[in-house]
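Chemist: Chains A and B, in that order, give the protein sequences.
If you read the first sequence in the numbering used here, its first letter stands for residue 1, the second for the next number, and so on.
If you read the second sequence in the numbering used here, its first letter stands for residue 1, the second for the next number, and so on.
Since the hints were derived computationally from the structure, they do not count as laboratory data.
Heads up, a few of these hints could be off.
Some chain A residues well away from chain B (every beta-carbon gap over 12 Å; in silico) [stated by the list, open to error]:
1) R229
2) I281
3) V299
Cβ pair distances, simulated, as ranges [said to hold, decoys possible]:
4) B:R132 to A:A198: 23 to 29 Å
5) A:K177 to B:E369: 40 to 46 Å
6) A:A52 to B:R180: 48 to 54 Å
7) A:R118 to B:P169: 24 to 30 Å
8) B:R59 to A:S80: 21 to 27 Å
9) B:P365 to A:I253: 56 to 62 Å
10) B:S303 to A:I253: 40 to 46 Å
According to the in silico footprint, chain A covers these stretches of chain B (three or more CB under 8 Å from chain A) [said to hold, decoys possible]:
11) 35–44
12) 388–395
Just so it is clear, CB atoms sit at the ideal spot from N, CA and C, and this is done for glycine as well.
2 protein chains.
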Amino acid sequence: MTTAGICTIGDEILIGQITDTNSAMISRELGKAGIRVTEMISIGDIRQDIAAAAETLLRKNDILIVTGGLGPTKDDVTKSVIYELSGSSSYVTDSRQLEIIHRILSSRGLDVMDINRRQADVPDKCEVIPNRLGTAPVMVARFPAGRFGHEAAMYSLPGVPFEAAGAMPDIVADIRKHFRLSEIHHKTIMTYGIAESALAEKISAWEEALPSSVRLAYLPDPLKGVSLRMSVYGQDEDAASLFAAETARLRDILGDAIYAEEEKTLPEVLGDILRSSGKTISTAESCTGGMVASLIASVPGASDYFLGSVVSYSYSVKEKALGVPREIIDRFGAVSPECAAAMADGVRKLTGSDFAVATTGNAGPSASEDKELGLVWVGVSSAKGSKTMDFHYRNDRKRNMERFSASALDAVRKFILQQSNI
Amino acid sequence: MTTAGICTIGDEILIGQITDTNSAMISRELGKAGIRVTEMISIGDIRQDIAAAAETLLRKNDILIVTGGLGPTKDDVTKSVIYELSGSSSYVTDSRQLEIIHRILSSRGLDVMDINRRQADVPDKCEVIPNRLGTAPVMVARFPAGRFGHEAAMYSLPGVPFEAAGAMPDIVADIRKHFRLSEIHHKTIMTYGIAESALAEKISAWEEALPSSVRLAYLPDPLKGVSLRMSVYGQDEDAASLFAAETARLRDILGDAIYAEEEKTLPEVLGDILRSSGKTISTAESCTGGMVASLIASVPGASDYFLGSVVSYSYSVKEKALGVPREIIDRFGAVSPECAAAMADGVRKLTGSDFAVATTGNAGPSASEDKELGLVWVGVSSAKGSKTMDFHYRNDRKRNMERFSASALDAVRKFILQQSNI
Chain A
1 MTTAGICTIG DEILIGQITD TNSAMISREL GKAGIRVTEM ISIGDIRQDI AAAAETLLRK
61 NDILIVTGGL GPTKDDVTKS VIYELSGSSS YVTDSRQLEI IHRILSSRGL DVMDINRRQA
121 DVPDKCEVIP NRLGTAPVMV ARFPAGRFGH EAAMYSLPGV PFEAAGAMPD IVADIRKHFR
181 LSEIHHKTIM TYGIAESALA EKISAWEEAL PSSVRLAYLP DPLKGVSLRM SVYGQDEDAA
241 SLFAAETARL RDILGDAIYA EEEKTLPEVL GDILRSSGKT ISTAESCTGG MVASLIASVP
301 GASDYFLGSV VSYSYSVKEK ALGVPREIID RFGAVSPECA AAMADGVRKL TGSDFAVATT
361 GNAGPSASED KELGLVWVGV SSAKGSKTMD FHYRNDRKRN MERFSASALD AVRKFILQQS
421 NI
Chain B
1 MTTAGICTIG DEILIGQITD TNSAMISREL GKAGIRVTEM ISIGDIRQDI AAAAETLLRK
61 NDILIVTGGL GPTKDDVTKS VIYELSGSSS YVTDSRQLEI IHRILSSRGL DVMDINRRQA
121 DVPDKCEVIP NRLGTAPVMV ARFPAGRFGH EAAMYSLPGV PFEAAGAMPD IVADIRKHFR
181 LSEIHHKTIM TYGIAESALA EKISAWEEAL PSSVRLAYLP DPLKGVSLRM SVYGQDEDAA
241 SLFAAETARL RDILGDAIYA EEEKTLPEVL GDILRSSGKT ISTAESCTGG MVASLIASVP
301 GASDYFLGSV VSYSYSVKEK ALGVPREIID RFGAVSPECA AAMADGVRKL TGSDFAVATT
361 GNAGPSASED KELGLVWVGV SSAKGSKTMD FHYRNDRKRN MERFSASALD AVRKFILQQS
421 NI
């Protein structure tokens, strides 16, 4: 099996200022292609350390992915290490990357300075995969079997996470061209609303009955719920029908807790449902502060079905913009099912949307109205009526806001499906 | 200077199932105590790999912190590696940890089984720091100078993040007892609105004139801008005054592009300004879809100054909720300075806030109204009047929404400061 090492470079990681998320992203992408990551290393912007780590990882693995240390400023030294390792004798300008640098900077109204131009200069023994999302190109150094005991390749990616993620498809394609990858098949089932340990109990009989060729992984995420990934390694022409049969069994157990049978997010699935039924949605938010709206809006083309939102942090906005009767707030409080329903109804009428979802709760760190910390009331509304439900979490403010938002998205998804009888 | 290596163990990290957050937490805690982390490694639950990594890191560093691989199940093999490394000849039961195991399991209504009891068994040559938050104790192996070329110590922590975090104070205290720690000082300056390369050019003279004891790092982030971190290693009683002098020089060059002289986010700084001046804010958002509001709301206590937001994705919400005259949209379009100003004025009047900020633009992937893709108009408003400005980015939808939101937060921050003459 083809193996890879990952090396992230940057003092900011070593001092704990930022958490390395690139390594996990890279290993997920490599894993999908059937490449096993054996080791991840984070080191500082120190030339000898980078060179030593690269040599060690290349000796142990077919592939080395390096991220970071490629910015225009002088604390980035990765390029000179690749220069040495690849046995280059000069730098050459990659015209494709230079064009991208010009395009990116001019679109921001910036002049292209020498320091920018130099980012397109690459060691002459390296190949280049242009980075369309940033100024630093991906560099590839290839090593014959004599060098590290086996054919090997080193890829250097920019450290900016979205640029690194954007470069991975090209890198995986390049690896496919140069290495014989063993086959791997995946099927991901997205679930929401059941905690990982409860889910494991619920599907334990199904899991035990899985064919031995299938490997199952639980992947929990605050915004996506728990996704279940089935993997079959090696050549298997029946993988698709095997996955289909197992997915059908899983659906019998989990029902509408499954929101997708492929890697999708809740806002994407909600968007699919709304677009295909020609319906529209709006949100009214208190404790989530606009996060539900921004998740819905994050999907390209959301303007087809998303009309708008009112974030009513103050009582007066709840009254004035959403028409929540003062009496409801006085009698039940803002963190109440009555208020959640009134907010959902209110924003639906204000925007004229078919559906609406509202949140009101206590994200923390302090609780209002003597209501429980971590409690959120979600209201959903359509012309046929409204419905409310409560969820309870016990995280910090940021994480609670994420959980509340995901629960609201899932609640309105189920509400729409039930009302549409899809 | 005392150095440390960090080794995290677990297949779930290598396949990208979970992101390693322990390493960043550990290095922050060590860094505060003046211990420099030189390397972080993540490897699988494989005995030889763990042993090899431990030996390598102990040869290079005074301290090795290992996390993970200590659970009760059989894929956790860290303990046997420490057994070997420490030259132990038997396991002994740590009575303090056994007591904790009984307490934790009984509080969850669980029986204490053999598999649990064995977690209190530790190699006889190890010292134990009881783990009050979980069942696996912290084990310490000490090595004389003869073993790795210098005195060294290895600490093994449980992998559960809150247990690992809970154990760090005890570990740092133990390190202080056994090693002479040198000092380290950091100072972070947060800037927004100047791209990394332009910033580097702008402050190059300042950077070159920095005392050689100061190390400078550029840390770009889409939501935070570029932060500049100065570090001074070793004993330096004048670090604070040195940092203050350099920061003052930097302020002369960068002016209000500096939004904080410590690690803070734009929404936190905006919140500080609003709270200290007793003012309130609201937002009106089109292309950012509620992200500006949710960033403001993400700060604990935001309800003191954040009144609410209207996300007006449709024209009709712009008219109905924000009172944007239809004429403005017909004549200039929604993506226009006129509309941005009207949205900001509208939400300020609706919520009764002192200040308001509005966004309208094209986040992509397609552009509306034949306006440029990646263009955002930001409007800011107060009783004294409104102001608009445009920003241009060229990223994908999600990243554009982040850049637009951060630019809006920075624009309203500067607007409030200018109006308040702070």
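Chemist: State for each hint whether it applies.
Modeler: Cross-check of the supplied hints:
1. For R229 of chain A, the shortest C-beta to C-beta distance to chain B comes to about 9 Å, within the 12 Å cut-off, and the non-interface label is violated.
2. Once the 12 Å rule is applied to beta carbons, I281 of chain A is inconsistent with being away from chain B; the minimum gap is 10 Å.
3. Look at V299 of chain A: its CB is around 8 Å from the nearest CB on chain B, not clear of 12 Å, so calling it non-interface is violated.
4. Against the hinted window of 23 to 29 Å, the Cβ-Cβ separation of R132 of chain B and A198 of chain A comes to about 27 Å, which satisfies the hint.
5. Taking the beta carbon of each, K177 of chain A and E369 of chain B are about 43 Å apart, inside 40 to 46 Å as hinted.
6. Checking the proposed 48 to 54 Å range against A52 of chain A and R180 of chain B shows it is violated: the Cβ atoms sit about 27 Å from each other.
7. Checking the proposed 24 to 30 Å range against R118 of chain A and P169 of chain B shows it is violated: the Cβ atoms sit about 45 Å from each other.
8. Separated by about 26 Å at the C-beta atoms, R59 of chain B and S80 of chain A satisfy the suggested range of 21 to 27 Å.
9. Between P365 of chain B and I253 of chain A the beta carbon distance is about 38 Å. The supplied range of 56 to 62 Å is therefore violated.
10. A beta carbon spacing of about 42 Å between S303 of chain B and I253 of chain A agrees with the range 40 to 46 Å that was offered as a hint.
11. For the region 35–44 of chain B, the assignment as covered by chain A holds, since 9 residues bring a beta-carbon within under 8 Å of that chain's beta-carbons and 3 suffice.
12. Check on the region 388–395 of chain B: 4 of its residues sit with their Cβ under 8 Å from a Cβ of chain A, so the three-residue criterion for coverage holds.
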